[in-house]
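Line by line, the protein sequences are chains A and B.
Numbers in this note's numbering are just positions in the first sequence, counted from 1, shifted up by 1.
For the second sequence, counting from 1, position 196 maps to 185 in this note's numbering; every step adds exactly one.
Simulated from the structure, these hints should not be mistaken for laboratory data.
Just so it is clear, the structure is predicted and the values come from calculations on it, not from any experiment.
Where hints are given, some of them may not hold.
Said to hold, decoys possible - Anything over 12 angstroms on all C-beta distances counts as not near chain B; from chain A, calculated:
{"no.": "1", "residue": "Leu33"}
{"no.": "2", "residue": "Arg79"}
{"no.": "3", "residue": "Glu81"}
{"no.": "4", "residue": "Gln86"}
{"no.": "5", "residue": "Ser93"}
{"no.": "6", "residue": "Leu114"}
{"no.": "7", "residue": "Thr187"}
{"no.": "8", "residue": "Gln321"}
{"no.": "9", "residue": "Arg336"}
{"no.": "10", "residue": "Gln387"}
As the list claims (entries may be wrong) - Cut-off 30 angstroms, straight-line C-alpha distance, at most; resulting in silico cross-link-like pairs (BS3-like, lysine-lysine):
{"no.": "11", "chain 1": "A", "residue 1": "Lys53", "chain 2": "A", "residue 2": "Lys83"}
{"no.": "12", "chain 1": "A", "residue 1": "Lys47", "chain 2": "B", "residue 2": "Lys408"}
{"no.": "13", "chain 1": "B", "residue 1": "Lys298", "chain 2": "A", "residue 2": "Lys47"}
{"no.": "14", "chain 1": "A", "residue 1": "Lys53", "chain 2": "B", "residue 2": "Lys382"}
{"no.": "15", "chain 1": "B", "residue 1": "Lys544", "chain 2": "B", "residue 2": "Lys515"}
{"no.": "16", "chain 1": "A", "residue 1": "Lys53", "chain 2": "B", "residue 2": "Lys220"}
{"no.": "17", "chain 1": "B", "residue 1": "Lys372", "chain 2": "A", "residue 2": "Lys83"}
{"no.": "18", "chain 1": "B", "residue 1": "Lys262", "chain 2": "B", "residue 2": "Lys220"}
{"no.": "19", "chain 1": "A", "residue 1": "Lys134", "chain 2": "A", "residue 2": "Lys117"}
{"no.": "20", "chain 1": "B", "residue 1": "Lys382", "chain 2": "B", "residue 2": "Lys340"}
{"no.": "21", "chain 1": "B", "residue 1": "Lys411", "chain 2": "A", "residue 2": "Lys285"}
{"no.": "22", "chain 1": "B", "residue 1": "Lys515", "chain 2": "B", "residue 2": "Lys466"}
{"no.": "23", "chain 1": "B", "residue 1": "Lys466", "chain 2": "B", "residue 2": "Lys340"}
{"no.": "24", "chain 1": "B", "residue 1": "Lys408", "chain 2": "A", "residue 2": "Lys285"}
{"no.": "25", "chain 1": "B", "residue 1": "Lys220", "chain 2": "A", "residue 2": "Lys100"}
To be verified - Partner residues aside, some chain B positions facing chain A, computed with beta carbon under 7 angstroms:
{"no.": "26", "residue": "Glu266"}
{"no.": "27", "residue": "Leu267"}
{"no.": "28", "residue": "Ser436"}
Backbone N, C-alpha and C define an ideal beta-carbon position, used for all residues, glycine too.
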Amino acid sequence: MADDAMKTDVQLPVATDLKKPRPKKAPELPILERRNWLIHLHYIRKDYETCKAVIKEQLHETQGMCEYAVYVQALIMRLEGKIQQSLELFQSCAILNPKSSDNLKQVARSLFLLGKHKAAIEVYNEAARLNQKDWEISHNLGVCYIYTKDFKSAEEQLNLALQLNKHDLTYMMLGKIHLLQGDTETAIDVYKSAVEFSPENTELLTTLGLLYMQVSDVYRLSGEHLAISCLKRANYLSAILAAGSMMQTHGDYDVAMNKYRVAAYSVPESPPLWNNIGMCFFGKKKYVAAISCLKRANYLSPFDWKILYNLGLVHLTMQQYASAFHFLSAAINLRPRMSELYMLLAVALTNLDDADNARRSYEQALQLDESKLLVNLNFAVFLYNQGDKKAALLQFQEMERKVNTQVDNNSNTEFDPEPEADVSSAPSPPTVDPGEPEDEDEVEETAELKEKKSKPKAAAE
Amino acid sequence: MSSTGDSVASSKWLDAHYDPVANLYTFSSCIALSDLHGDGENKLVVGDLGTGVCNMKLKVYRGTGLLSESTLLDLPTGLVSFLMDLHEPRTPAIAVASGPFIYVYKNLRPYFKFTLPSLEVNPLEQDVWSQAKEDMIDPMTLKEMLEGLRDKAEIPLSVRSLRFLMLEPQEMENFVLLHKEQPIRRQTVITCIGTLKKNMADEDAVSCLVIGTENGDVYILDPEAFTILYKMSLPSTPTLMDVTGQFDVEFRITVACRNGNIYILRRDSPKPKYCIELSSHPVALVRMGKNVVVGCTHETLHGYTQKGKKLWTAYLPAPVTTMALMDLPTRGFQAVLVGLANCEVHMYRDKNLVSSIKTPDVVTSICFGRYGREDGTLIMTTKGGGLIVKILKRTAVFDDRDSAPGPPIAQSIRLNVPKKTKLYVDQTLRERENAVAMHRAFQMDLSRLRLAAARAYVKALESSLTPMSASLTEPLKMNAVVQGLGPSFKLTLNIQNTAACRPVMNLAISFLYDENLYSMRTAFFKIPLLVPGLNYPIDTFVECLSDKGISDIIKVFVLREGKSAPLLTAHINMPVSEGLALN
C-alpha cells in the first residue's frame, strides 16, 4: 500500500520493513478537494486575502478543476462587486458539476444582481427542479417576481418558501408585496405572524408598529408594540421617533422627550429627531428652545419642508411675523401644492399689513384644497376684520356646510364645531412616506394654529 | 461606559505570556491542552499550518517555551487529545486529522495511522480502466469515455481519472503506464474531528474519535482498534462539530455544515434528527450546557436549544473569527469567548456581554482550560502568528449584568439644546415691534436687488461680456489664462466653436490696454478657421513696462470682419509684475 510507504517518509518508525521496490510504485495523487475546508474557513472568517491565496494555490494544483475553489472565488468576486466575472465563474462551476443546485442558485443570484430578473427566474426554476425543497430558491424567485411586477407569482413563491422554512426575510418581502398592492390589512396580518415567529426582530416590530399607526384607529395596540420594539433595541431610531411622536400626539411631552434623549445620544445629527424635539418644546410652550432645536434641524436638513413649516408656525406664535414669512415662503418653494402652507402665509401677511397678498394667499389655499375647513374659517375672520362682511359670511357658511357634511359622513359623535376638536378627526396633512413619524407632529401643529386663530374669531363675533 | 469596562476586564486577567512572533498559523480546531506525560502538568499542543503550503508542524509548548516540534506531512485539519485505553500511566494520545488520514501520537511518538475507507468507485470507470490496463483502448479513447462518464454519472470520478483528464495528450501515455496497475480508489478528506466518551462520563474516561468528511459522512471510531463503530451521513460537508454524551448510552453530535445549516445527530438514527437553518454561515459553534451558541458571518450570535429552537440573538460589533467555551467547574461558571475581527475578545453569558478583552492583534484561535498547573488559562493565537497566554485572577468576579430592566443610561443624559444669546432676544423683541417695517424694507430691498441683477445681466448681454457669445451664427466660447511672473507674461486664449457642425471664419482678435503700462507685439491679429468642438489655444506675449508694482485690466475682443460690435469680450485682470519689483 502506498500509505505504508508514505509513512516511512514521515519518519514514522513503525513498519520500516515494508519498503516496496521503487520503480513499481505510482505516486500518490493529491485529492482534489483536500483544501476545501481551509478555503471555507478563511471565507467565513472574511479573511478574503488569505482565502484568495489558498484558492490560487489550489486552482494551480488542480488546473481549475476544483469546483469548490472556483465557487468561493466567484463568491468573493461578487462581494468585490465584479458581478459579471463572478457570473462566468459560477457558470463554469455549473459545468463542472451540473447536478448541484447550489451552483445554479449562485448563477441566478448573480443574474439577479445584474438586474436580469427574467433570466434569473429561469435559472432559479431550473435549480428548483434539482432541489424541490429549498426555501432559498422559492424566496429568491419571489423577490425576482416582485421586481418583474408579477405580484401574484411572487406571493405564491414566498408562501411556498414560508411553508418550507420560516425566515424573517421572507415575511418582510411578503409584507412588502401587500403594501405595494395597497393591502395594508393583509400586510399587518403577515407582519403579525412574522412577529409571532421572531419576537425579537426590531425591524419587523417597527414596521408593524408603524403600520398600526397608519391604520390609526388602534393607537393603544400599536403603542404597546412600539414600546416593546423600542425596549428591545434602544437605539433603533425610527422606532423611537415613531413612539415619541405618538406620545407627543397624546400630549405626553415629557415621556416623548425621554425617548428622544435616548435617540439623541446615539444619533445626534438626525434632522427629524431635532424637529420632533423642537415640537416637543413647542408643546411645552418653551418657544426659545423650540426655535433652537428646529433651527438645528433646519441646519442639518435645509430642504425639508416640514421643518420649515414648523419654524414658520413657531415664529407666528412668537409674533415674529417677518421671520415666519421667510420660513413659510421657503417651505412653499419646496412644496408648492400644499394648502396649509398658503393659509399660514396668509396669516403672516395679515399681520404684516399686506391685506392684498393675504387675500390672494387664502384664495390660493382654497383653490389647492377644497376640503380644509380651517382655511374657510380663517379666511372668514380675515374678511370680517377687513370689513368685507358679505364675503366673510359666505366663507363662514361654506365652512358650516362642510362641517355638517363631515358630521353626517363620519357620524362622529365627538365632533364639535369648536375648531380644537376637529383636529383629531382631521386627516393628517398629505404624507410623503407612511413610515415617517414626523407626520404626527403636524397634526399637533395644526391644533396649535387653530387655537390661536379661534380667538380672533370669537372676538369678531 | 466602555472605558470603565475595559479597565475592569483587564484587571481580571494576568498577562502571563505574549510572543508576537511565535509564528503560529492555526485555528481553534487545531489547539488542545493535554497532560501529555501524565505528570499533572498540562501542555499546549498546536497543529501549525506552517506557511499553508509547507512547513506544517506539530508543536508542543510547556510554560512559555517550545518543548518539542515534529513535522507533519500535510495541513492539519483538526487536533484532539483523548484517552485511548485504560493502561497505566493514563497518558492521553494526540490525534491529528490531515487529508484522508488520522495520525495518532502517543508520548509524542507516531503510534498509528488511520486511513478513511475508500468510497465507492463507479463500475463503468473501473471497466474503462481495466480495458486500458489490457491495452484494449488508447489514451484518447480513454479520455473520451471518461469525459462521457464525468458528465452524467451518479458517482463522481476518482482522482486518477480527473487528473488524467487534465493532462496534455503527450503526457497521457506515460500516466496510463504508471497508474494502470494500481487499483482505482476514491478517497475523501477529513474536515473536522471531535471526541466522544465511550461508556463513562468521567473526566478520564476512554474516548472515541468522531470525524466528519468532505463527502458529508460522520464516522465514530473505536479508540483501541480504530475500526468504524458507527456511520452517519449529512446532506452537506461538515465544518464544525460538537459532541456530547457517551457512545454506549446516548450521544448528540451537533454539526455545522457548509450549506449554512446546523444538523443535530443522535445515537439512534443515521440521519440528522434536527436541522437549524441559519440566515448566514456559521463561523464557530460552542455548546454551553444544553444550548448551542453559534457565531454567524452577519455579526450575530445566536442561542439555540438542543432541539433546534431559537432562544436569543446578540448583535456583535465586528465579524466573528473564532469562539471557545470558558468553563470553570470549580466556580460553576460558564461563558462563551468570542474572538472578533476588531481585536477584541468578548465574553458572553447567554446574550449578555459579561466582559471584554482587548488584544494586540486579531485573534484566530482561542482555547481555555488548564495549562501547566493553572486552571483558568486563556490561550489565544493571533492572525500575525502571535501567542497570548492569560491567566484568570482568582479574585476576578463576573457579575451578570442584565441589560433588560431599568431605563437606558442615555435617557438621563441632558439634551444639548443650543442656547440663545441676549442679542437674539433683543432682535426678537425688535422684530415683534417693527415686523411690518422690517418686512416692507426687506421687500423693497429685494425688489431693488432683483432690478440691479437684471440690469447687470442686460448690460453684460449687450456688451458681449459673457464668456459665451450670444449670437446664433457664431456660437463661441473663450477663456483666458495668464502665465508668468513678469515683466513678460504669456497670455493664452482658449477659443472654441460650440456649433454642432458649422465652422466659423473671418474672425479677429484685438486687445485694448493702457499703453503706458503694457506693450504687446501684436495687438490685433486674425484667427484661423474654427472647426466645431476643437479647442484653439492662441498665445501672445505681454510686456509690463511699469516697475511701480501696479497692474491693470487688458480687454480682449473677438471681432467679426465687417462688424464693429465685438462677438465676445473678456476682461483680464493682469497680475502685478513680480519680476520688476525684484529688480
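Against the structure, the hints come out as follows:
The Cβ of leucine 33 of chain A does not lie farther than 12 angstroms from every Cβ of chain B; its closest approach is about 6 angstroms, which violates its non-interface assignment. For arginine 79 of chain A, the non-interface assignment is confirmed: its Cβ lies about 14 angstroms from the closest Cβ of chain B, beyond the 12 angstroms cut-off. Listed as a non-interface residue, glutamate 81 of chain A keeps its Cβ farther than 12 angstroms from every Cβ of chain B; the least gap is roughly 16 angstroms. No beta-carbon of chain B comes within 12 angstroms of the beta-carbon of glutamine 86 of chain A; the shortest separation is about 22 angstroms.
With a cut of 12 angstroms on Cβ distances, serine 93 of chain A stays outside the contact zone with chain B, its closest approach being about 14 angstroms. No Cβ of chain B approaches the Cβ of leucine 114 of chain A within 12 angstroms, the least distance being about 17 angstroms, so the stated non-interface status holds. Against the 12 angstroms criterion, threonine 187 of chain A stays outside the reach of chain B, whose nearest CB is about 24 angstroms from its own CB. For glutamine 321 of chain A, the non-interface assignment is contradicted: its Cβ lies about 5 angstroms from the closest Cβ of chain B, within the 12 angstroms cut-off.
Against the 12 angstroms criterion, arginine 336 of chain A stays outside the reach of chain B, whose nearest CB is about 22 angstroms from its own CB. Every beta carbon of chain B lies more than 12 angstroms from that of glutamine 387 of chain A, the smallest distance being close to 16 angstroms; the non-interface claim holds. Taken as a hint, the lysine 53 of chain A and lysine 83 of chain A pair is honoured in the structure, with Cα atoms around 15 angstroms apart against an allowance of 30 angstroms. Restraint check: the Cα-Cα separation between lysine 47 of chain A and lysine 408 of chain B comes to about 47 angstroms, which exceeds 30 angstroms; the hinted pair is violated.
Simply put, lysine 298 of chain B and lysine 47 of chain A have alpha-carbon atoms about 27 angstroms apart, close enough for the 30 angstroms limit, and the pair holds. With a C-alpha separation of about 41 angstroms, the suggested pairing of lysine 53 of chain A with lysine 382 of chain B is violated against the 30 angstroms cut-off. For the proposed pair lysine 544 of chain B and lysine 515 of chain B, the alpha carbon gap of about 16 angstroms is at most 30 angstroms, so the pair holds. Proposed proximity of lysine 53 of chain A and lysine 220 of chain B is contradicted: the alpha carbons are some 34 angstroms apart, above 30 angstroms.
Restraint check for lysine 372 of chain B and lysine 83 of chain A: the C-alpha separation of about 27 angstroms stays at or below 30 angstroms, so the hint holds. Simply put, lysine 262 of chain B and lysine 220 of chain B have alpha-carbon atoms about 14 angstroms apart, close enough for the 30 angstroms limit, and the pair holds. With a CA separation close to 24 angstroms, the supplied pair lysine 134 of chain A and lysine 117 of chain A stays within the 30 angstroms bound. Distance check on the hinted pair: lysine 382 of chain B and lysine 340 of chain B sit about 24 angstroms apart at the alpha-carbon level, within 30 angstroms; holds.
Taking the CA atoms of lysine 411 of chain B and lysine 285 of chain A, the gap is about 22 angstroms. The hint holds against a cut of 30 angstroms. For the hint pairing lysine 515 of chain B with lysine 466 of chain B, the CA-to-CA distance comes to about 17 angstroms; that is within 30 angstroms, so the pair holds. Taking the CA atoms of lysine 466 of chain B and lysine 340 of chain B, the gap is near 68 angstroms; set against the 30 angstroms cutoff, the hint is violated. The suggested pairing of lysine 408 of chain B with lysine 285 of chain A holds, with an alpha-carbon distance near 17 angstroms, which does not exceed 30 angstroms.
A C-alpha spacing of about 25 angstroms is found between lysine 220 of chain B and lysine 100 of chain A, which places the hinted pair at or below 30 angstroms, so the restraint holds. With a least beta-carbon distance of about 5 angstroms to chain A, the hint placing glutamate 266 of chain B at the interface is held under the 7 angstroms criterion. Contact between leucine 267 of chain B and chain A, as hinted, is not supported at the beta carbon level, the nearest pair being about 10 angstroms apart and thus beyond 7 angstroms. The interface hint given for serine 436 of chain B is broken, as the beta carbon of that residue sits about 14 angstroms from the closest beta carbon of chain A, more than 7 angstroms.
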